[in-house]
Structure formats: C-alpha cells, structure tokens
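**Q** Protein chains in written order, with my numbering: chain W, 1 to 234; chain U, 1 to 274.
Please keep in mind that the hints were generated in silico from the structure rather than gathered at the bench. As the structure is a computational prediction, the values presented were derived from the model and not from experiment. All C-beta atoms, glycine included, are put in the ideal place defined by N, C-alpha and C. Check the hints yourself; a few may be wrong.
[As the list claims (entries may be wrong)] Here are the simulated DSSO-like cross-link-like pairs (lysine-lysine), alpha carbons at most 30 Å apart as the crow flies:
| id | chain 1 | residue 1 | chain 2 | residue 2 |
| --- | --- | --- | --- | --- |
| 1 | W | K114 | W | K94 |
| 2 | U | K261 | W | K114 |
| 3 | U | K63 | U | K182 |
| 4 | W | K186 | U | K263 |
| 5 | W | K186 | U | K239 |
| 6 | U | K263 | W | K114 |
| 7 | W | K186 | U | K261 |
| 8 | W | K94 | W | K199 |
| 9 | U | K106 | U | K96 |
| 10 | U | K266 | W | K186 |
| 11 | U | K176 | U | K45 |
| 12 | U | K266 | W | K114 |
| 13 | U | K261 | W | K106 |
| 14 | U | K266 | W | K106 |
| 15 | W | K106 | W | K94 |
| 16 | U | K239 | W | K106 |
| 17 | U | K63 | U | K45 |
| 18 | W | K106 | U | K263 |
| 19 | U | K24 | U | K96 |
[What the hints assert, rightly or not] To be clear about the criterion: a stretch of chain W counts as covered by chain U if any three or more of its residues have a C-beta under 8 Å from a C-beta of chain U, and this derived list gives those stretches:
| id | segment |
| --- | --- |
| 20 | 48 to 57 |
| 21 | 98 to 112 |
| 22 | 156 to 164 |
| 23 | 169 to 177 |
| 24 | 184 to 191 |
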Amino acid sequence: MSNQNKPDVQVRRFSKGFVWAHAINGIAFFVLYITALPMYTEFFDWLYPVLGGPEGARLLHRIFAVIFCTPTLIYLIFDRKGFFRWMKELVTWKKRDLQFFTEFVKELFGFNFKHVRQTFFNAGEKINSIIQILCAILIIFSGFTMWFPQFFPRAIVQWGYVLHNVGFGLGIAVIVGHVYLSVVHKNSRPGYSGVVTGKVPAWWANDHYTEWYEEEVKKGNFPDLNDPKYKKEA
Amino acid sequence: MTKYIKYVDVTKCDGCRACMVACKNWNDLPADPQDFQGSVQSHPKVSADTWNVMQYIEHENGKGDLEYLFRHSACFHCTDAACEKVCPENAISYSKYGTVVIDQDKCVGCGYCVQNCPFEVISLKEYVDKNGDKYRKSQKCTMCTDRLEEGLQPACVTTCHTGSLEFGEESAMIKKAEQRVKEMKDRFPNAQVYNPQGVGGTHTIYVLAEKPSVYGLPENPKVPTSAVIWKDYAQPIGKMMIGATTMAVVGAFVTNNIISKRKALKEDRGEDHE
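So that you can see chain W by itself, here it is in the shape it has in the complex (with noise of 0.2 Å):
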C-alpha cells in the first residue's frame, strides 16, 4: 500500500478548539507527571534539583494543576458542538464497538486484519476518554484536599492522598498506549498530526471513522472517495 494509490485531499477532523483543548490537556498531564514522578518513586530523586528542588517541583505542579483544570472549559466554549458530540459518543456503545477490540488487537500487533466501521470515535478512543476523564475527575477532586488540607476534614485529605494515587496510576497506564498508538503505530499516525493540525487525510478518516465520514459526505462536507476523480489507480 504506497501513497501514490492514495488521493492527498485532507478533510477537517478537529476543531481549533479541540486542537488546543487537547494540546493543553496532554502538556499539563506531561508537566504534572515530572513534576510528581521523584515523590512516586525514589528512583527519580535525581529531578528535584533539575525541577528547581522539592519547592520547585511543588510549585510547578501547582501551577499546571491549574492549568490542567482548563482543556473542559476551552472545549466546550470553543466548540461546544464538538463537546456534545464527544459526550454522546461515551455513552452510545453498540456491537460493533465491541467487534472493534478484537480487530485492534490484531492490528497493534501488526497482524492482517478489517476495518470495523466506526463513528467519530472509535470503541479504543472512547475507553481512553471515559478513563481520562475518571481519572481527572479523581485527581482533581483530590488534589484540592491535598493543595489545602486546613479547609477539609482529616479522612477526606487522607482518602484524597489514596484517590489521587489511583487516578494518576491509572491515568498514566492508559496514556502510554494513547501516546504509542498515535505517534509510533503506523496505522494511526494520521491521528497525530491530525490531532496537531485539526486535519487528516480523506483517505485515512474514510477507512478508520467510515460511518462518520459517510455522513459527512452526504452533508456534502467531504469528498465522496468514491468519486471516480478521486480515483487515481486504474
């Protein structure tokens, strides 16, 4: 499969929006980890004096905790649209969402396998986000015990420690994959420049998001690839 059979037309995946809620998000989740990651594991104490010391680490974190609570708000004001959509498609799950985890093991080993038709979305992409946002509401939520434990009763700031300890776990594990799959794995590497730019190969959004891209083209939004002149090889 060489690019030549491949018309290069690029259709609009992700708002500016989105784009910059997401950038953001994924910074501040970066920034938030180094700067905790000596207090998770001794074996990272060589950071604190590249973090500017314990206090240096400490305000770091604070302010990109700040800054972490952002990406929702940009989102929604942004591209509210684009938020609904997203939430609706958490919550819609059908049988081919579950017929696409088999294929994607598959395919993230490297092995032949089908495209299941998917929606905006697909059924990985929405385990991501429904993780994501568990953890961030986990994280968030206790992180304000931990900022400032004089206004919180003693068991709250000490179940915050427990809670804050699980989502970062949790979240962290899940991003490893996120990250992989967008940058590293060649099949969705589309993804990441799409998720950079807002924009993606026609050919690629019509393969992997085929039910969302369908509609589109009856909206009369993106080009039907079917389309003879879209058609390059004979």
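Using the hints, position chain U against chain W.
**A** Coordinates of chain U only, in the frame set by chain W:
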C-alpha cells in the same frame, strides 16, 4: 537489644513544665510565643518548634467534682508508625531504639506525615534559605535519640522532678504502669494504661487518670486504612500497570517491525499480499 520506652504517669505530674523547657533547651528550639489560651496552658498543642506541651484540662468527673488533669504530650513513637508508612522519600525511619525519627536532609516538606499521624503530633516548619527562598521540613519530638546514642535519657525525663516521667526497660515500665493503675482505681475509676495496640504499641506509654478522650487522645488510634490501601495496594499496583502497558507497546512495536519486514520480503519476491 533491650527495648526501652518512656513512661508517663500523669497523676504524678505537678504541671511545672520543666519538661517543655528541657526539650527546648536540649533541642535548641526557638521560643514560640502564643496568645492567651484561656487557661494556664501555653500552647494549644505540639508544634514544629515546641515538641512537647503540658496540657491542663479542667474535667468534671460526673460526681460533681472538678478534676484538674495534667498531661505531658509529645510524639508517641509508634511501633507501627503511619508517618513512616506514608513518607514518599523514606525520610522517616525507626532508629535502633524503636524511636521514629525524621531525616531532615531527605524531607521534602510534603506534609503527608502531618495529615496521617493518628495523634497529630507532626508539624511543618517553614525556613528561608540564603537566597530568600522558602522551604519546609517536618518536625517533631525525636525522643532525644541523639542523647540515647550517648547513653543518656531523654531531656524531659532527666529533668522531671516528680517521677512522672521515666525511661526504662519496656516490660518493667508496663508492669509499673499496671501496678499504678491498680493503686489509683479508688480515686480514678477510669484510670488506665494507654499503650494503643492499633499502632502496634507505642514507645511512650501513659498512665491516664481518665479515659483517653478526656485528654483529647483517640480511643483506638490506628494507621489510617486509607494509608494502608494507598501504600500497600494502590502504589504497587499502579507501578505494575505502567510496567504492563509499557511492555505491551514495546511488544507491539517489535511484532509490527517483524511482520512488516516479512511482508516486504514477500513483496520483493513478487508474492502476492492481501
């Protein structure tokens, strides 16, 4: 090694506060001026600069009598210490005497110990370095571990003139405490030995004249359940999970490379694919 503990008989205490002075003196702790507390008590509780505080409690004993109760309060040096469990930097450890001590060089001032101590005896102190930057360290009673190392007893014990404080071999101290409780049962029916087992016993045991709650002490202190779940389950499982997903993506990367190489080889040979 023989286990030594601190014995506090609150009924022998006359509230002279020499233990507070001796502690400040030996540990070189600065004065910690307070507003009037509404009683003769000097500080509401122990703090980063005041490692032991004399409590003065006016207690109605239920028979219409007023008891004026004193208690020398300081770190209990738990056998199973929550502060040691939650410290993310292993800055808190047990000395060879069983005392619980903070390594100030390792402490990062996160305050996890402050929030998890069942007796609320740890506090953060704010310092300013030579560049004017602020930093924090945890502080509490050390049971004068530096004195123990020199064969001396804790400063508060040495200075106590009523025999309310003693430092001695554990079984002898517990026996003494139980004997003392028997002696005072007529005068104080609620008298008891306070050596809470929820934290594995403590290295400071009390002979209390009243129920622990009268002194503001927890009746059944223990390492918080949250701390156990956090440190014994959540954190190790979290580390395993990131290990597992990392292995999965590394595995995926390797198999992808192998399979695409094989496919490329087949293409070179002109074999059909897909």
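**Q** Are the hints correct? Go through all of them and say.
**A** Quick rundown of the hints versus the structure:
Simply put, K114(W) and K94(W) have alpha-carbon atoms about 18 Å apart, close enough for the 30 Å limit, and the pair holds. Between K261(U) and K114(W), the direct Cα distance comes to roughly 20 Å. Compliance with the 30 Å bound is thereby established for this hinted pair. The straight-line distance between the Cα atoms of K63(U) and K182(U) is roughly 21 Å, inside the 30 Å bound, and the hint therefore holds. Restraint check for K186(W) and K263(U): the C-alpha separation of about 14 Å stays at or below 30 Å, so the hint holds.
The suggested pairing of K186(W) with K239(U) holds, with an alpha-carbon distance near 28 Å, which does not exceed 30 Å. For the hint pairing K263(U) with K114(W), the CA-to-CA distance comes to about 17 Å; that is within 30 Å, so the pair holds. Simply put, K186(W) and K261(U) have alpha-carbon atoms about 13 Å apart, close enough for the 30 Å limit, and the pair holds. For the hint linking K94(W) to K199(W), the alpha-carbon distance of about 27 Å falls within 30 Å, and the restraint holds.
The suggested pairing of K106(U) with K96(U) holds, with an alpha-carbon distance near 19 Å, which does not exceed 30 Å. A C-alpha spacing of about 19 Å is found between K266(U) and K186(W), which places the hinted pair at or below 30 Å, so the restraint holds. Between K176(U) and K45(U) the alpha-carbon distance is near 28 Å, which keeps this suggested pair within the 30 Å criterion. At roughly 20 Å between alpha-carbon atoms, K266(U) and K114(W) fall within 30 Å of each other, so this suggested pair holds.
In summary, the hint linking K261(U) to K106(W) is supported, as the alpha carbons are separated by about 17 Å, within the 30 Å threshold. This hinted pair checks out: K266(U) and K106(W) have alpha carbons roughly 20 Å apart, not beyond 30 Å. Taking the CA atoms of K106(W) and K94(W), the gap is about 20 Å. The hint holds against a cut of 30 Å. As the CA atoms of K239(U) and K106(W) are separated by approximately 26 Å, the hinted pair is consistent with the 30 Å bound.
For the hint pairing K63(U) with K45(U), the CA-to-CA distance comes to about 29 Å; that is within 30 Å, so the pair holds. Proximity of K106(W) to K263(U) is assessed by CA-CA distance (about 15 Å); at most 30 Å being required, the pair is judged to hold. Between K24(U) and K96(U), the direct Cα distance comes to roughly 24 Å. Compliance with the 30 Å bound is thereby established for this hinted pair. Look at the segment 48 to 57 of chain W against chain U: 4 of its residues bring a Cβ nearer than 8 Å to a Cβ of that chain, three or more, so the hint holds.
With 5 residues bearing a CB less than 8 Å from a CB of chain U, the segment 98 to 112 of chain W meets the requirement of three and the coverage assertion stands. With 5 residues bearing a CB less than 8 Å from a CB of chain U, the segment 156 to 164 of chain W meets the requirement of three and the coverage assertion stands. Only residues whose C-beta sits within less than 8 Å of a C-beta in chain U count toward coverage, and the segment 169 to 177 of chain W has 7 of them, enough to reach three; the restraint holds. Remark: the segment 184 to 191 of chain W is confirmed as covered by chain U, as 3 of its residues place a Cβ nearer than 8 Å to a Cβ of that chain, reaching the required three.
Going down the numbered hints, you'll see the structure goes against none, and every one checks out.
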